[in-house]
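Engineer: Listed below are the residues making up each chain.
Protein chains: 4
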Amino acid sequence: MIIIMEKTATEGNIQSVIDILQEHGFRAILHRGAVHTVIDALGDKTTLSTQRLEAMDGVGQVKLVREPFRLASRDRKSEDTVIEFENGVKIGGGNRPVLMVGPCSVEENYDGLLQVAVAAKEMGCQFLRGGAFKPRTSPYDFDGLGERGLELLAQAKKDTGLLIVTELMDSADLELVEKYVDVIQIGARNMQNFKLLKAVGHSNKPIILKRGPASTIREFLLAAEHIMYNGNEKVILCERGIRSFDSDYTRNVLDIAAIPVIKKYSHLPIIVDPSHGTGQRYLIEPMAKAGLVAGADGVMVEVHYNPSQALSDGKQSLSIPQFKEVFSRINNIIDVLHLEKTAPAPIE
Amino acid sequence: MIIIMEKTATEGNIQSVIDILQEHGFRAILHRGAVHTVIDALGDKTTLSTQRLEAMDGVGQVKLVREPFRLASRDRKSEDTVIEFENGVKIGGGNRPVLMVGPCSVEENYDGLLQVAVAAKEMGCQFLRGGAFKPRTSPYDFDGLGERGLELLAQAKKDTGLLIVTELMDSADLELVEKYVDVIQIGARNMQNFKLLKAVGHSNKPIILKRGPASTIREFLLAAEHIMYNGNEKVILCERGIRSFDSDYTRNVLDIAAIPVIKKYSHLPIIVDPSHGTGQRYLIEPMAKAGLVAGADGVMVEVHYNPSQALSDGKQSLSIPQFKEVFSRINNIIDVLHLEKTAPAPIE
Amino acid sequence: MIIIMEKTATEGNIQSVIDILQEHGFRAILHRGAVHTVIDALGDKTTLSTQRLEAMDGVGQVKLVREPFRLASRDRKSEDTVIEFENGVKIGGGNRPVLMVGPCSVEENYDGLLQVAVAAKEMGCQFLRGGAFKPRTSPYDFDGLGERGLELLAQAKKDTGLLIVTELMDSADLELVEKYVDVIQIGARNMQNFKLLKAVGHSNKPIILKRGPASTIREFLLAAEHIMYNGNEKVILCERGIRSFDSDYTRNVLDIAAIPVIKKYSHLPIIVDPSHGTGQRYLIEPMAKAGLVAGADGVMVEVHYNPSQALSDGKQSLSIPQFKEVFSRINNIIDVLHLEKTAPAPIE
Amino acid sequence: MIIIMEKTATEGNIQSVIDILQEHGFRAILHRGAVHTVIDALGDKTTLSTQRLEAMDGVGQVKLVREPFRLASRDRKSEDTVIEFENGVKIGGGNRPVLMVGPCSVEENYDGLLQVAVAAKEMGCQFLRGGAFKPRTSPYDFDGLGERGLELLAQAKKDTGLLIVTELMDSADLELVEKYVDVIQIGARNMQNFKLLKAVGHSNKPIILKRGPASTIREFLLAAEHIMYNGNEKVILCERGIRSFDSDYTRNVLDIAAIPVIKKYSHLPIIVDPSHGTGQRYLIEPMAKAGLVAGADGVMVEVHYNPSQALSDGKQSLSIPQFKEVFSRINNIIDVLHLEKTAPAPIE
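Residue numbers (our numbering), protein chains in the order written: chain E, 1 to 348; chain L, 1 to 348; chain R, 1 to 348; chain D, 1 to 348.
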């Protein structure tokens, strides 16, 4: 249950609501927004009627939240969350979808990274992504350059003006990562690493939260809830494919429908990652387009200056010439979708 | 292994190839196309070298087919299969995507069916779909009107000129169904009903083969192979969602990537069914668009004159006004995609 | 809702119940058993109270069936169904678990088949299984000997006294199969071939119904319901593994828990097939035992006189010496479980 | 590739092998066991022949490891790993299966915890399990008592002599947890939290590693490899159910076959958790037995002094009287299986 206070509500009104909630066994969480003051009431809603609350002074509306996620729920906040960066780039809320590209892992070849970043800039991308800390299924695989990788990313930012995205695996590295990057990514395998979610919940950087390969949409939104609950509402969801019984031709099944589902049930922005979502270079273009058409607020794609030599995920990375070709067509689709925005609203 | 004969090859040349294949334990299947004569050699390819065959008179090319499906394979036939109807409608091969709409089940209300058909015609659809024989998980559910349903569909064809699609569940009904309809659908639950596949393999009607909810893409193409092997090459594949661990918000996961995967590995046309693929009305539009952008040759959608009263699948059906609204936007996307066809080829 | 009439109920009493049900929009199905007369009322149970029905003359009990399957439900019939054969063999109801073994496909080598059958007899098996009609994912695979296979099975029955199990794929072959075999198997891929389920619903042979690889337990029981609804209550369920995301080491995931779940919700017997359930010879023994310990009423295992030469499924078949070794240990476990039957009932 | 040195090999022999491996681009890892000295060679095995290595002085055997996990592989170490505790309790290697029981979460009622512990002791259990730090899908759920929970567990150890198992979620808590408990559990959601795996790899406590709900067996063993690679070879695997498309009756599908598969490919002990594996109290007994019969080295079950009041997972917990009843029968099965150990070895 969510209690939205009137703009004119006094501190006394707010405290009275909190008091009555606590008397009835609810946990009351106060959110003071720029416009609204909202109280989340967590508990057994049969013990206290919404009418009783609505009759109290200063109470505007009382809304039932039908889903276990609350802060992430569209029921609580009907308008889209928009995340804005210092340089004016915005994600979500019907803004032009953003483009994030770069190598899976940052490698010891700054020139290669810079080539990718320059091409990205040229194609209108706003973000450079690259892994400095890599989660690896096997301990024998390359696991990233660590801080050296972050330095190379920061240099690329300096040289191109692109915003930087990188994955954080350990809360111990949070401060370090915050120093270098603009967006912190939580990888799919860590989607339910609740300690890590809590840690980034205390950060003021936007967070890209990747869907776990066997996570339901509800669990995905509850993972976002962990971050938001700890104070950071700047969560960007990322659909990157789920496990299925069929891995003959693709690594995962990219759940495109998750995008409009999440748009319906949550106000958070969502982007799509067709590289991990399919594991196949030739599927990046159609699946990026499919995600955008279905409503994604951005695309994240792996691009490497020399995919055949990549230390990780070469098979699913585009080379720079391929990237330019594919993204010129992706930009076309985005142009078309943007024109279409004047059309009537979709079916509920 | 596939042996493509030269245009100038004689009957003697062809027979010699068949003879040598049989000597080496292969089963040889002769296909005489309008342009090419092709011999499929099924057997252990280590026993006979391609060079040996290529050296024979009249042999043009010898190709290894890397997949267990052969007739359905892009290796065998590089150009897209196009299925053409008497009225000039074409499916596949870069033709404008086709639109198939109609109720899940045909019901005893011809006026309702006609309203859907008239609206379909108006929105540029080419096909009316409706079930006369319905597979039902429970024996207590409505299982269709049988021949009466076929008659109503035939009447709607007469009144609107739309081509008719209906599902066949039993080979015993094949002749009956052939009499009334233009395209025979094999439902998802029957995708591996090999007797039924064999039966429609002997039909000369085009077949829509729906992907089984737990079938891999390879099994899907092998099911098509059963039909083609029995003589009917007019197979239209249909992606309609697969089972996953998450059914909180959608009935199935619509595997959009299956469309470009199948385009790469097979020459057969493929359409997308977002109604069954998601089970949710509000997902029809984004998922139809996603399928089209990813390369689908058509869309199949459930439309009912009164979804809340439908005897089956009402929740995933559009009403007629919703249908018109959604399909005007779907037609827009199709227009755009058609313009885009002049762009360079996608990444391999 | 199920109405169980008293033994002393008159025809008039029965008709009155049917009348009132129909008046309230229910479909009433009358079952006259040896002991009980039962009326299944299918419809909206809010329109008629159970008290109203219980007050009627001749009505014994009125029970709500909580699951969509009714005839198969434990709510309807609390005691286990026991299926008995002419030679006294019984399946279900706490009888000693039965053993069914034999080759995947019957091949043109009667001596090989007989060797398996003789060994089966020696090890206490009651059933010889073997496929004459084989469903094959690819049209290029061996699909069985047809009637010749049935003849060979019948000969083996004559020579050993074993009961015969074979798969039926096409209702057109039902009469033929009924002539030769004691139990008809419906394969996993045909679990939702409703025409076939209906056909065997009219047979008086016991039916082994295999769980579809992507079927939920509820769908599995609804498939059984299709058979029972058409008149044949002698259904033996068979758990044979479901699809998962992991096929590195096993073909399917054998869902052992489905056995006690089905025992709780249905009165039908259930057997376990560790050969198809795992696809690996070395897993047959532990998984057969696991199934038995979890409550299975029997085990079905593939045994071939020469697995390395088998025309199908050799990798998951036991050779005759392996079979004897494994089944001596399986018989030991069965002995132990039988002794344990005197222990108190399990936790609800 | 693994090089096992002869017992008489000198330091010089060992160094020569390492040198030649490094020259050929391998990473060489030296393990000095009580009996054998083993060198793991990680790299491209085509660059150096096993014969070349076998010809070197002091080299006993050279073995190829066919799986991506090496230290966990049965190819490397054919005998079962046995983990022994100070009080003589042993896990693995054909020792009597161990029993671990206790509440999901430790709660603020020591008396309740003690009741469970006393009953556990009485029924022959060796371990008390209970969560002090709980991973929770929703941030609004109870997440454990933290150190206070560890103190209560330590008190129960003092009062009963049971060994203590608890979950670690954050490497920051490792030292704290090590102080109180005998076995550290890594939960399913953290199976690929590589930072945490690395941390416990540096611990000298035995680790119970739970299989992730969407992890393949190979990924499971690779997660164990992360721990072993960091120095801790005392890893106890735990099968606790995987995600499937069917959650009507069970929370997960308990993959019993994973037990004999892992026994074949790894030397590590494996236990089974039927509580999380099914989510249903009535399935604990049959699934515990199924796991034991299939070869599990132990069972972990949730027992609560008052399941209906449990702060987490009450539905899948046994009450104390149920526990006694169920475990008397589980002990019987263990007795039988132990007698059976003299039977010949299973089929390979």
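Hint data in this document are derived by calculation from the structure and do not stem from the laboratory. Please note that a few of the clues may not be correct.
The list treats identical chains as interchangeable, and a pair is accepted whether it falls inside one copy or across any two copies.
Unchecked claim - Below, a list of computed lysine-lysine pairs in the DSS-like style, where the Cα atoms sit at most 27 Å apart: (1) K77 - K157; (2) K179 - K198; (3) K264 - K324; (4) K315 - K63; (5) K205 - K158; (6) K205 - K324; (7) K179 - K264; (8) K264 - K157; (9) K121 - K158; (10) K315 - K264; (11) K179 - K77; (12) K158 - K198.
Engineer: For every hint, state whether the structure bears it out.
Structural biologist: Taking the hints in turn, this is what the structure says about them:
In this assembly of identical chains, the alpha carbons of K77 and K157 never lie at most 27 Å apart, being 34 Å within a copy and 48 Å across copies at closest. Within a single copy, K179 and K198 get their C-alpha atoms as close as 19 Å, and across copies as close as 25 Å, so both meet the 27 Å cut-off. For a Cα distance limit of 27 Å, the shortest separation of K264 from K324 across copies, 22 Å, qualifies, whereas the shortest one inside one copy, 33 Å, does not. With identical chains, the CA atoms of K315 and K63 are at most 27 Å apart between copies only, with a shortest distance of 25 Å across copies and 48 Å within one.
Taking the shortest Cα distances, K205 and K158 sit within 27 Å of each other inside one copy (19 Å), while across copies they are farther apart (47 Å). In this assembly of identical chains, K205 and K324 lie within 27 Å of each other by CA distance neither inside one copy nor across copies; the values are 29 Å within and 44 Å between. With identical chains, the CA atoms of K179 and K264 are never at most 27 Å apart, being 35 Å at best within one copy and 44 Å at best between copies. For a Cα distance limit of 27 Å, the shortest separation of K264 from K157 qualifies neither inside one copy, at 35 Å, nor across copies, at 38 Å.
In this assembly of identical chains, K121 and K158 lie within 27 Å of each other by CA distance solely inside one copy; the values are 12 Å within and 57 Å between copies. Proximity of K315 to K264 under the C-alpha cut-off of 27 Å is restricted to the inter-copy arrangement: shortest distance 16 Å between copies versus 34 Å within a copy. In this assembly of identical chains, K179 and K77 lie within 27 Å of each other by CA distance neither inside one copy nor across copies; the values are 31 Å within and 45 Å between. In this assembly of identical chains, the alpha carbons of K158 and K198 never lie at most 27 Å apart, being 30 Å within a copy and 34 Å across copies at closest.
Taken one by one, the earlier hints fail for this structure at numbers 1, 6, 7, 8, 11 and 12, listed in ascending order.
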